[in-house]
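Number of protein chains: 6
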Amino acid sequence: MTVVVQNISRPDPATVAGLAECGVSTVHEAQGRKGLLASYMRPIYAGARVAGAAVTISCPPGDNWMFHVAIEQVKAGDIVVMAPTSPCEDGYFGDLLATSLKARGGAGLVIEAGVRDVRDLTAMQFPVWSRAIYAAGTVKETLGSINVPVVCAGQLVNPGDVIIADDDGVCVVRREEADGVLEKARARTAAEEDKRRRLAAGELGLDIYDMRGRLAAKGLKYV
Amino acid sequence: MTVVVQNISRPDPATVAGLAECGVSTVHEAQGRKGLLASYMRPIYAGARVAGAAVTISCPPGDNWMFHVAIEQVKAGDIVVMAPTSPCEDGYFGDLLATSLKARGGAGLVIEAGVRDVRDLTAMQFPVWSRAIYAAGTVKETLGSINVPVVCAGQLVNPGDVIIADDDGVCVVRREEADGVLEKARARTAAEEDKRRRLAAGELGLDIYDMRGRLAAKGLKYV
Amino acid sequence: MTVVVQNISRPDPATVAGLAECGVSTVHEAQGRKGLLASYMRPIYAGARVAGAAVTISCPPGDNWMFHVAIEQVKAGDIVVMAPTSPCEDGYFGDLLATSLKARGGAGLVIEAGVRDVRDLTAMQFPVWSRAIYAAGTVKETLGSINVPVVCAGQLVNPGDVIIADDDGVCVVRREEADGVLEKARARTAAEEDKRRRLAAGELGLDIYDMRGRLAAKGLKYV
Amino acid sequence: MTVVVQNISRPDPATVAGLAECGVSTVHEAQGRKGLLASYMRPIYAGARVAGAAVTISCPPGDNWMFHVAIEQVKAGDIVVMAPTSPCEDGYFGDLLATSLKARGGAGLVIEAGVRDVRDLTAMQFPVWSRAIYAAGTVKETLGSINVPVVCAGQLVNPGDVIIADDDGVCVVRREEADGVLEKARARTAAEEDKRRRLAAGELGLDIYDMRGRLAAKGLKYV
Amino acid sequence: MTVVVQNISRPDPATVAGLAECGVSTVHEAQGRKGLLASYMRPIYAGARVAGAAVTISCPPGDNWMFHVAIEQVKAGDIVVMAPTSPCEDGYFGDLLATSLKARGGAGLVIEAGVRDVRDLTAMQFPVWSRAIYAAGTVKETLGSINVPVVCAGQLVNPGDVIIADDDGVCVVRREEADGVLEKARARTAAEEDKRRRLAAGELGLDIYDMRGRLAAKGLKYV
Amino acid sequence: MTVVVQNISRPDPATVAGLAECGVSTVHEAQGRKGLLASYMRPIYAGARVAGAAVTISCPPGDNWMFHVAIEQVKAGDIVVMAPTSPCEDGYFGDLLATSLKARGGAGLVIEAGVRDVRDLTAMQFPVWSRAIYAAGTVKETLGSINVPVVCAGQLVNPGDVIIADDDGVCVVRREEADGVLEKARARTAAEEDKRRRLAAGELGLDIYDMRGRLAAKGLKYV
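Protein chains in written order, with this note's numbering: chain A, 6 to 228; chain B, 6 to 228; chain C, 6 to 228; chain D, 6 to 228; chain E, 6 to 228; chain F, 6 to 228.
Source of the hints: derived by calculation from the structure; they are not laboratory data. Because the structure is a prediction, the values reported are computed rather than measured. Warning: the hint list may mix true and false statements.
Treat identical chains as interchangeable: a pair holds within one or across any two.
To be verified - Calculated cross-link-like contacts (lysine-lysine; reagent style DSS-like; alpha-carbon spacing at most 30 Å):
1) K107 x K223
2) K200 x K226
3) K226 x K145
4) K145 x K107
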């Protein structure tokens, strides 16, 4: 029941970097509008945009013992993803754990619970996406698991999947689909460039996307 | 059922500018505490304060097709107000639509749903008040209407009504009442100036507003 | 039923200053994980960290009359704590009351309701923790009480208790326990310093806290 | 600002009775999916299904004075619709007001706030749809208005509009559209009868509605 | 920190029985509109109305060990009141604990967390007011306290205070105020009897309470 | 992207029947406290207890077209599990679909969205667990998938997994683990029988489970 999986496959770092550059909204569209975590997962400060391989934690409610176990499993660039086994907003993670996770190369945290010491985390520029900011501490009494599949904020996250997170929220991309998604995301970004230029010049989407005929066919009336 | 109303009456631009200067809280008081949208309508970044005539959109849930139709109807200084026909937090609006809306002179967006690309929108300083930040995209399959009365976040908004929005939230003023409300709001602002000065000097509201007698009459006891 | 208690005992200012320095999360841990207000109490702007003696207000819903009564009772460094007698998110407090409260030496406000004029409050750097930002005004018709025990956001607050508030939220410390809590909070801060240094150097919590044996005894398996 | 409108136009009682028989979901579909109040409006007991002309109340938060004024305006079969001017869950209405309202012929209450004495109301079989059940009482200090347009749970309700309410929630139909909506609702009910019979016999919607071709055209794959 | 207080003062059983008869809404009014728990505390089945002395439990989140300790402290007619030290909706209590609590004379449970086996509890007619129905189990690892003051759903509850609970929610009355509150509640009930009869006969509250003059004085206009 | 998987493995009907008998809370404990859907999934009427193999639907928000496709895939005893691809509370399912699903042998519905016609569904005794009751209709424009893994109310559900649902909520058991879980659930039920009898006779859990020593060792003090 409680297990630490030590060897997980990680995505290609170049792919991860590419996905970070594209951002959550573009990646989400590029992979067919799937993998988006619930909107209550918000960054503790604005402006961060990261991607990384998921190291997952399944924790009991109110017990953060497994964070210490998880950090040993983290490699440079990983993002820790934590989901409690029942709903909890306690502050599992603060500046000491962030110091440790950062020292091991961790690139961020996505946590369906609370986080604390957000002033320090902001000063360290250690990015966290959480469900709550809450100072309530936790105990270290009950085991959980590391690197098992978890459901976090409504999405299945497997260890080694790619997590992309920015001001729009958090998206997960399956490790084995990451290269394909990146390709589509880049194509999308490129295609948008021309449209953005035309829209900025005052052209209408109605004309650029040639929508007038289909709107009329559906019955739109101008009065 | 689905219609685009092309000619709407707009308020006097000078009135609109005056209301923007007064801000949401003062305008709300000045018009007798009505017209305030629900508190879940929050700005995507702090510090914006705008006013404009409402161009309204009624959209199906998860379908942003009508935004393209709406933008053609926007004139300089207008604020787009969107309400879905059933509750939805999808990201109807992102940086491409913002580029287009801004190019046509749009001054802001009030949306009872989600918005995305908030990092880009912040960089563009295009102000949005929304119910959620959420990257989930939408389809373009079903029609809605433009410039019909909508209920947005608990308030009726008619096309051409004045929308005032800042860090306190969003308020709607009927077009035909706008001049009178501005007058009262300015009077209020002027009257507050003297009170602010006296309060800042340490005088008490109890004395400035002459409250002690009425408090005693109501039965307040000091112990 | 309605009463203004004029003489309350306040904690030692040096203790209060010390607790402010330690911050909410450390103080909450130091006093045995009690006294934390609900996580929906959020600061209106980031970065403030204050502590002060509580001057409490119990108000009817939608009626802010007692704020004027309370301000007369405030001494330099106090923090006003307001709880309505039934749930309400109206904007009880804005820039005029803030000007008055600041002029009397008030150090902040904790309010289980709404607040408005947040742009002005931010410009004044007058810190507020609230449940909502909402422009809806209030009346002055019904009495409440000043400096009686109130339950605010799930915690009992007595007049004269110490309130600590920062980006992590709000914590209350009983006046008579404040010196002991400060001592423990400082010890905790000192003890964390060494751990932070070791964690920053890449040492693992597993080793620093000597957890491996106990984890194995509980049955943790590595695969 | 505060006004009691005494003469309102009411819909034809036969139309109202017909709409009650059709129920909320059918009426909502029949009028083109509009007019549905938010899903948080729930009946205090299961099984009631009523319709009536709306007598509207706009109340200050926490003040139920206007209920007494409203009851004088109620005619047999009317449904009272109350919306507070800012969000409130206080118990505006209990068994005494229900006794009075029932005695005057009132058929039900729709209230975007709290209600109390629900055991008595259930025993009386006086149907109420509310946002909350909450015993908190209210004061009688501030005026509101009767029979003005209100926004209740996200929908505009004019005095004299038809309210239909049952276990599915609450729907409003414009008075002047009521006859047409009833016709469509009855047609819909009739048309469903045949479909229900065929579906009950095990025929598939795929075949009854002839969907297979369009699904294939859209790209549906069976594996 | 963790303590079991064994001797608590309980209210007079006749007073408790009298308060049960009056019900939550009447008692809440009678004691000046205080002591009402938040509206999210709902009964698991309709129709129960109980009162009893509070035996309080303060539990860690997700840990129900202290329930076993509490049950030994329960005397006939007591109501157990549980508040977790941080928010939690786990199912602390099910049919085995209910069997045990009932066997010891416990009259009900008020719990700011989850409850499970609600079908069995309903069949047993063991009344529970809770924040959630949730099957998630709990551990038995960490201590809490019995019969200390707790804040439950926004209200302070001392051991031995009177809890009244019915379909309207839950109200707490201070033990030392219980006799006085009962007297006022009974007076209120008696006074309402005459009003109910007159209202049922069609008389208006406007006349019974003589409101017309004051309404006019406040400026109410009939049109 | 959109696919209908026609052949899925189903669990042994005897196992399914056994799990239904044990109920959600017992099954959830028996499988190590996993698989429980979020507490907002509530039955539309009290008293139902069912189990069945999951036939899953992934739908776009506000589009119920795939229900018709799904019903063809249902075999006797199956439970349909629907999760929208972004949050939605529209009423996807009403009495016509229920008539069809029941005619094909469907045993229930679990839907992370809205349902309507609940009076009819109750009369038919067709059990549904949903996030909302809401009459808002849906369109039939966009495809989804049948019998793919979905995340519903925070839990991964694979087609063919066992769904158990009753008044406590909804739990999912992996198909391949179902036999083992049933064995443990039955053992648990048997073991509880003796405890229930002893507890009903007034014996304390403290003694039955031999807790006094461990409580004392942890430091519990009686005063």
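(request) Up to 30 Å between alpha-carbons, please classify K200 paired with K226: within, between, both or neither. (result) within (27 Å within a copy, 33 Å between copies)
(request) Can you give me the call for K107 and K223, within, between, both or neither, at a CA distance of at most 30 Å? (result) between (55 Å within a copy, 28 Å between copies)
(request) Using 30 Å as the alpha carbon limit, work out where K145 and K107 are close: within a copy, between copies, both or neither. (result) within (21 Å within a copy, 34 Å between copies)
(request) Check K226 against K145 for me: Cα-Cα at most 30 Å, and say if that holds within a copy, between copies, both or neither. (result) Only across copies: K226 and K145 sit 17 Å apart there, 64 Å inside one copy, limit 30 Å.
Consistency with the previously given hints is maintained throughout, with no hint failing.
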